[in-house]
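Undergrad: Chain by chain, the residues run as shown.
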Amino acid sequence: MSKKFQIDHLANLSNLKLRQKEEKKYTSQIVKILEYIESLHNAQTDNRKIIGQIIGLKNVWRKDTVRESLPVKYVLDNAKNTHSNFFKVGAIFENRDN
Amino acid sequence: MNLQNLTISQIQKDRKANKYSSASLTQAYFTAIEKYNSKLNAYLALCKEQAIVKARASDKRLAPGKLRSQLDGIPIAIKDVICTKGVKTTASSNILKNFIPPYSATVIEKLDQAGAVILGKTNLDAFAHGSSTENSDFGVTKNPWDMGRVPGGSSGGSAVVISAGLATIALGSDTGGSIRHPASLCGITGFKPTYGAVSRYGLIAMASSFDQIGPMASTAQDARILFDTISGKDDKDATSFDLDKPIRQSDKKKNFTIGIPKEFITDDVDPDVKKAIENAITILEKNGAKIKEISLPHAKYALAVYYIIQTTEVASNLARFSGVHFGEARDQFGQEAKRRIMLGTFVSSAGYADKYYQKAQEVRVLVKEDFDRAFKKVDLIVGPVAPSPAFKIGEKTGDPLKMYLSDILTVPVNPAGLPAISIPCGTVERNKKDLPVGLQIIGPQKADYDVLDLAEYFQQITDFHLLKPNLY
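These protein sequences, in sequence, are chains A and B. Numbering (full-length UniProt numbering) for the first sequence: 1 to 98. Numbering (full-length UniProt numbering) for the second sequence: 1 to 472.
It should be emphasised that the hints constitute simulated quantities derived from the structure, not laboratory data. In this text, a Cβ means the ideal position worked out from N, Cα and C, and glycines have one as well. Wrong hints could be hidden among the right ones.
[Said to hold, decoys possible] Chain B regions said to be covered by chain A (calculated; three or more residues, Cβ under 8 Å): (1) 190-204; (2) 220-229; (3) 307-321; (4) 358-370.
[Stated by the list, open to error] Pairs of lysine-lysine, DSS-like flavour, derived with a Cα cap of 27 Å: (5) B:K88 with A:K73; (6) B:K368 with A:K24; (7) A:K17 with A:K4; (8) B:K396 with A:K25; (9) B:K97 with A:K21; (10) A:K58 with B:K368; (11) B:K338 with A:K17; (12) B:K85 with A:K63; (13) B:K97 with A:K4; (14) B:K392 with A:K32.
[Said to hold, decoys possible] Restraint-style ranges between C-beta atoms, simulated for each label pair: (15) B:K290 with A:W61: 40 to 48 Å; (16) B:K262 with A:T82: 55 to 63 Å; (17) B:E293 with A:K17: 48 to 56 Å; (18) A:Y74 with B:K290: 51 to 59 Å; (19) A:Q20 with B:S69: 33 to 41 Å; (20) B:K39 with A:Q6: 39 to 47 Å; (21) A:W61 with B:E293: 52 to 60 Å; (22) A:N59 with B:M147: 49 to 57 Å; (23) A:K49 with B:K290: 33 to 41 Å; (24) B:E293 with A:K49: 26 to 34 Å; (25) B:K355 with A:K24: 21 to 29 Å; (26) B:I291 with A:Y74: 49 to 57 Å; (27) B:D14 with A:R48: 51 to 59 Å; (28) B:L466 with A:N81: 52 to 60 Å.
If we strip away everything but chain B, and leave its shape as in the complex, we get (with noise of 0.2 Å):
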């Protein structure tokens, strides 16, 4: 069974088919784990027992026609980041690493309500700060293009779970990019959603005001599913709120207005990440799509923003961790974690508060009057990624700065709370291995179907996304 390309409709066809179960498709997925997982180091822990017992439920619900939903007995991988109750949940830091969380996040809840199978929990940078998972406590994941490459984070375990075929669908979660960056790095669809669309009640928290819970697949349909599946207003997270589910407009999909920012596309790209970027646009013009050049002046100021307001928010976080309640003590915090609490603490302490953190809420806000302005012209805004595809592991370890400036295109959707997506849209040749590329499609708040929209035509009229690392 070729695992690589398994989709939820496709799956769930094959299941009613009697071509194979859901218990048989899991334990298929274990083979290949114990197979690929010790080289890739993308999963750090497994639920095989309880995933076997939910996937002969969910193939007992079948037969008679009772499956919960469309997600019933499909097997899924969750960063482990988000707590599942009574499963070692350690956000890849060695001071969570015997935490065993008394409660699920709300997602984990509606994953099992709709009889989702969990297969395991992923590798990401410890606490989720990092560009690479080279973070993480218990070690490097590989991008599976090309094992001496990162691949992209934080949520690179999950990114390479769906890249290798070790799971159909993955959650992630993304406060700079952490969806879209491992994404666009492995070749994957990864969704950040508007913020507050999701639950974050379960989630380690980072920064509080940009953590977003999303999907990972290998199709934009994919993750549309599984977000249907997860959003929502949750009464234990009151940023969270209900989006009305359109109805679907099949033709508008084709005719939307995209913007794409000159600030986006400079000389800072990869040039061939930029021609796979400049072939995707020609792609969606050719195919009924205006295209319209636009500018977002403040968002060079959006990964400064970022690095006041996050490592605030990250300083305030972490202060829980004392080692009273649960965790190993303080000293046990990684490098990176360090240094954000210290910056945090910085800049927002007495005499320092108004110079940073009071005018990076200020500038915020100009970042987000940018988004407006565009999204009076454009429905939608077009660029890429990341500004390069997967970097070579260590390369940009020693050098803080140049690891967050990973990010520089990620980030302006953060603190304007705007969903966004990574879709494949080709490869580059590097040491004549093929490294893929994503295409970003950003929307304006609650926009969030409009984004899956365009990005599910994209996958109708091209097969980027099909592309995967030759494993097998």
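Just chain A, same shape as in the assembly (with noise of 0.2 Å):
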């Protein structure tokens, strides 16, 4: 099978970043999955309507009530960086490098 995908670009997607020994590791081994799972194609679904939920539920509902949340100093506790009652992030509008 050819490949279809560049896994630089697929890295970037993910949000993760690869030494390049790895992106030669990856390739091959994707394509070999891939590779596997083509035998999909083999079935005959005849467009067949998919399952949203496997059970079986529909319209889940529970009570509006209003329940206690967890406190703030709990929800920050496993945080790296923290401002008051905030987490603290990197900057989005800025090139990420500086």
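Assembling the complex is the task here: the two chains are given apart, and the hints tell you how they should meet.
TA: Right under this line is the structure:
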């Protein structure tokens, strides 16, 4: 099977950074897995309607009652960068490298 | 005290007869863990102080007859992909190596209310991606039947602690076979309930349309008790539901009509494993079951379906690991997680989603319809769990597809949302060591108790589940 993807593009979409050695390895592994997956096209599905929820649950509701949320301190406990009661994130409108 | 074949009912009987307390039993487990865990690498973390406090509290409830449930005072191990408030939960990944959850999973809350004693957290393939625990960032777990072999996965740690007598019961999770596969390779009982029968709230998500938490134990009876405790609708998981508890019809158990799918007993299955399975089927037939050959013609596509839908859901679920709210940066992902994220990103990307993702969802329906048709003719389906007994450490790590094929007999169940169990049905000899073989029983959606009934019945008429590795 010919390669249908550029591994660096795929890594970028996946928000992953790969080393050059890894790029080669993942390319050949993903090609091999895709070859196996191609067998699916032997199955006649006739555009069958897909199932949204496998058990068939529909319209799942719960009572509209207010529940206590986790205290802010607990929520922030695992974050590396915080500022008062907030998560601190990188700027998104600037060049990331700056 | 022999810890290897202890059951819940035996422990409660012994406690009432003052043979030992929950606290002394818990201490005995920690002593055994200290002795064997460095070799097995089954536990990643222990909850010693908490466990002893909880066991003592249970012992205080025992005398006045105020035990909260059958699980009160029973030592349990938890797969480290299930959140435990205040106790490090890593999913065996470096990304979460310092993560301390601010809340507990619903199943943990239920176990607390029932009075169960959590001993510690067990090893797995990182993020439950794998069939051997070799993908753990904290080292492979060894199979106690042969330390040179894998315990299966991804719930390898939980399977090993039951097999080695380092906990009475355990929780695992099953997305494509992660409870049943290690249960088979370690010779214990592992039950994957109907999708939604147990709340997934607090389970670190792998593939949300397949994931299911379930019990691992020495016997089907213990698996049932644990399942009774953790199952039920939960407001925090919209896919959960209440299962009707049947009134037990003990006579019916023997008269099940059992289907044997010809697609499950092929040349790809190890001949010795095949022999053990055929022997188990003969035993069932001699004891009242009606056996019918059936066909699941689309089961051969299930693994391909699985590796499209599952990786797509993995790519989505693991997108939240940005290192901002919790956890380390994305460069800490292991190889298998990276592979799955990229594969899932590809098969669901613009231009390819129709060819792969949409097609897989259509074939998923065919897989389910095969089972629907089969269950019109038979009550339950029986076959092997894994195509081979435990394989050697390192044997499949170089070839991801080869590793994925380990799950070829467990995977078809998950896209269809069915309940299925692995119970021991004998051993095969490899390099002068006995290795266990698991029998898989699959039921229709919501027939969880039928699956457990047949498993329990099989364990009444056979002793395979009593076989344990020789550690002591």
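Undergrad: Now tell me if each hint is right for this structure.
TA: Here's how the hints hold up against the structure:
1. Coverage of the region 190-204 of chain B by chain A holds [criterion: at least 3 residues with CB-CB distance below 8 Å; count 3].
2. For the region 220-229 of chain B, the stated coverage by chain A is violated: 0 residues have a C-beta nearer than 8 Å to a C-beta of that chain, whereas at least 3 were required.
3. A count of 4 residues in the region 307-321 of chain B with a Cβ less than 8 Å from any Cβ of chain A is obtained; the coverage claim is therefore met, three being the minimum.
4. Here's how the region 358-370 of chain B fares: 10 of its residues keep a CB closer than 8 Å to some CB of chain A, so the rule of at least three is met and the hint holds.
5. A threshold of 27 Å between alpha carbons decides the hint, and for B:K88 with A:K73 the separation of about 17 Å falls inside it, so the pair holds.
6. A distance of roughly 37 Å separates the Cα atoms of B:K368 and A:K24; the hinted pair therefore is violated under the 27 Å criterion.
7. Taking the CA atoms of A:K17 and A:K4, the gap is about 20 Å. The hint holds against a cut of 27 Å.
8. The straight-line distance between the Cα atoms of B:K396 and A:K25 is roughly 16 Å, inside the 27 Å bound, and the hint therefore holds.
9. As the CA atoms of B:K97 and A:K21 are separated by approximately 26 Å, the hinted pair is consistent with the 27 Å bound.
10. For the hint pairing A:K58 with B:K368, the CA-to-CA distance comes to about 18 Å; that is within 27 Å, so the pair holds.
11. Restraint check for B:K338 and A:K17: the C-alpha separation of about 10 Å stays at or below 27 Å, so the hint holds.
12. For the given pair, B:K85 sits about 26 Å from A:K63 by alpha-carbon distance, which is consistent with the 27 Å threshold.
13. With a CA separation close to 36 Å, the supplied pair B:K97 and A:K4 exceeds the 27 Å bound.
14. Straight-line distance between C-alpha atoms of B:K392 and A:K32 comes to about 23 Å, which keeps the hinted pair within the 27 Å bound.
15. Between B:K290 and A:W61 the beta carbon distance is about 43 Å. The supplied range of 40 to 48 Å therefore holds.
16. The supplied range of 55 to 63 Å is met by B:K262 and A:T82, whose beta-carbon atoms lie about 59 Å from each other.
17. Distance hint check: the CB atoms of B:E293 and A:K17 are about 52 Å apart, consistent with the given range 48 to 56 Å.
18. Checked against the given bound of 51 to 59 Å, the beta carbons of A:Y74 and B:K290, roughly 56 Å apart, stay inside it.
19. Remark: the range hint 33 to 41 Å for A:Q20 to B:S69 is contradicted by a beta-carbon distance near 56 Å.
20. Checked against the hint of 39 to 47 Å, the pair B:K39 and A:Q6 passes, with Cβ atoms roughly 45 Å apart.
21. Range check, A:W61 to B:E293: about 44 Å between beta-carbon atoms, so the 52 to 60 Å window is missed.
22. Range check, A:N59 to B:M147: about 52 Å between beta-carbon atoms, so the 49 to 57 Å window is met.
23. Judged by the Cβ atoms, the range 33 to 41 Å given for A:K49 and B:K290 holds: they are separated by roughly 34 Å.
24. For the pair B:E293 and A:K49, the supplied restraint of 26 to 34 Å holds, since their beta-carbon distance comes to about 30 Å.
25. Between B:K355 and A:K24 the Cβ separation comes to about 25 Å, which falls inside the hinted range of 21 to 29 Å.
26. Between B:I291 and A:Y74 the CB atoms are about 55 Å apart, so this pair conforms to the stated range of 49 to 57 Å.
27. B:D14 and A:R48 have their C-beta atoms about 55 Å apart, which keeps the hinted 51 to 59 Å range intact.
28. Distance hint check: the CB atoms of B:L466 and A:N81 are about 54 Å apart, consistent with the given range 52 to 60 Å.
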